[in-house]
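Trainee: Next come the chains, spelled out residue by residue.
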Amino acid sequence: MASALINVPKRAKRGDIIEIRALTSHIMETGYRRKASGEIVPRDIITSFTCRFNGQEIFRADLFPAIAANPYFSFFTTARESGRFEFEWTGDNGFSQTASAAITVE
Amino acid sequence: MPNQDPSARRNFLKVAGSAAILGAMSRVMLRPAEATPAMLNFAIRNIVGEAQVQTGRVKLDIPPLVENGNAVPVTVSVASPMTADDYVKSIHVFNEKNPQPYIGNFYLTPASGRAQVSTRIRLADSQKVVAIAQMSDGSFWSASVDVVVTLAACTEEL
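Quick mapping for you: the protein sequence lines, in order, are chains A and B. Numbering-wise (my numbering), the first sequence opens with residue 1 and increments by one. Numbering-wise (my numbering), the second sequence opens with residue 1001 and increments by one.
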């Protein structure tokens, strides 16, 4: 089972720009490698990553095989109200994973 | 075959030669496809359409000399006030010589506050990496960096 690491500040002042970091464990098999027998190792990657805050999308990424294994993203958002960040990764072979983190905005 | 027409022998050599070339070509084709500068341009056109891409406003932070192409840290930041009427809509990262020209597309909103994205990428060869940002007014800005890779991301056999 894959696992995700999320880094969001627990509290922030209203109007602060905060950094969000998210990492999940995934092989990100490119589909361009071959086994010794010559067969291609089938592609198995995460294709999409989305971050929502209180249900509204604030960041989204399309991933390609050129994203390194265990995809890591860092991005920013403005703290406006207390609430919950929801993270979602989806990919090949029905891969789907979610995580969430709460923030208190003063 | 003492009295054989010499042109027959030449023909044989011609046929043998082209067979060898065909053999070499099929070997080349068995290798994973490689993106070319033309594919890079095609991929960029695919995103920007007919719009003109201007140089500037985008900063692409990537080490110029990479020891391990399997995980190369990249940060793209764009000079933008990130307000509701003037913000960065998306950031696109491309490469020249991986099997595919695409690396990642990142979609931002005015609520992003700062137009900056970091991730880790794979580079299969020493090559140019290009970042393009689309602004809310529809303009495109870009930056590119030439990267030397000493150990390529593995596309070889397991």
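Since the hints were derived computationally from the structure, they do not count as laboratory data. Heads up, a few of these hints could be off.
[What the hints assert, rightly or not] Pair ranges (Cβ atoms, derived):
id	chain 1	residue 1	chain 2	residue 2	range
1	A	S82	B	L1065	43 to 51 Å
2	B	V1145	A	S37	34 to 42 Å
3	B	D1085	A	D62	36 to 44 Å
4	A	R34	B	T1075	29 to 37 Å
5	A	D62	B	S1139	19 to 27 Å
6	A	F95	B	A1051	29 to 37 Å
7	B	D1137	A	I40	40 to 48 Å
8	A	A4	B	E1067	24 to 32 Å
9	B	D1146	A	T98	33 to 41 Å
10	A	G94	B	P1081	37 to 45 Å
11	A	S25	B	P1081	32 to 40 Å
12	B	T1055	A	S82	39 to 47 Å
13	A	R34	B	N1068	16 to 24 Å
[As the list claims (entries may be wrong)] Here are some of the chain B residues that sit facing chain A, going by a computed Cβ distance under 7 Å:
id	residue
14	P1099
15	S1112
16	T1119
17	I1121
18	R1122
[Stated by the list, open to error] No farther apart than 27 Å at their CA atoms in a straight line, the calculated lysine-lysine pairs in the BS3-like style are these:
id	chain 1	residue 1	chain 2	residue 2
19	B	K1097	B	K1059
20	B	K1089	A	K35
21	A	K13	B	K1089
Heads up, the beta-carbon is just placed ideally off N, CA and C, and yes, glycines get one too.
Trainee: Against the structure shown, which of the earlier numbered hints fail to hold, in ascending order?
Mentor: The structure conflicts with hints 3, 20, although it agrees with all the remaining ones.
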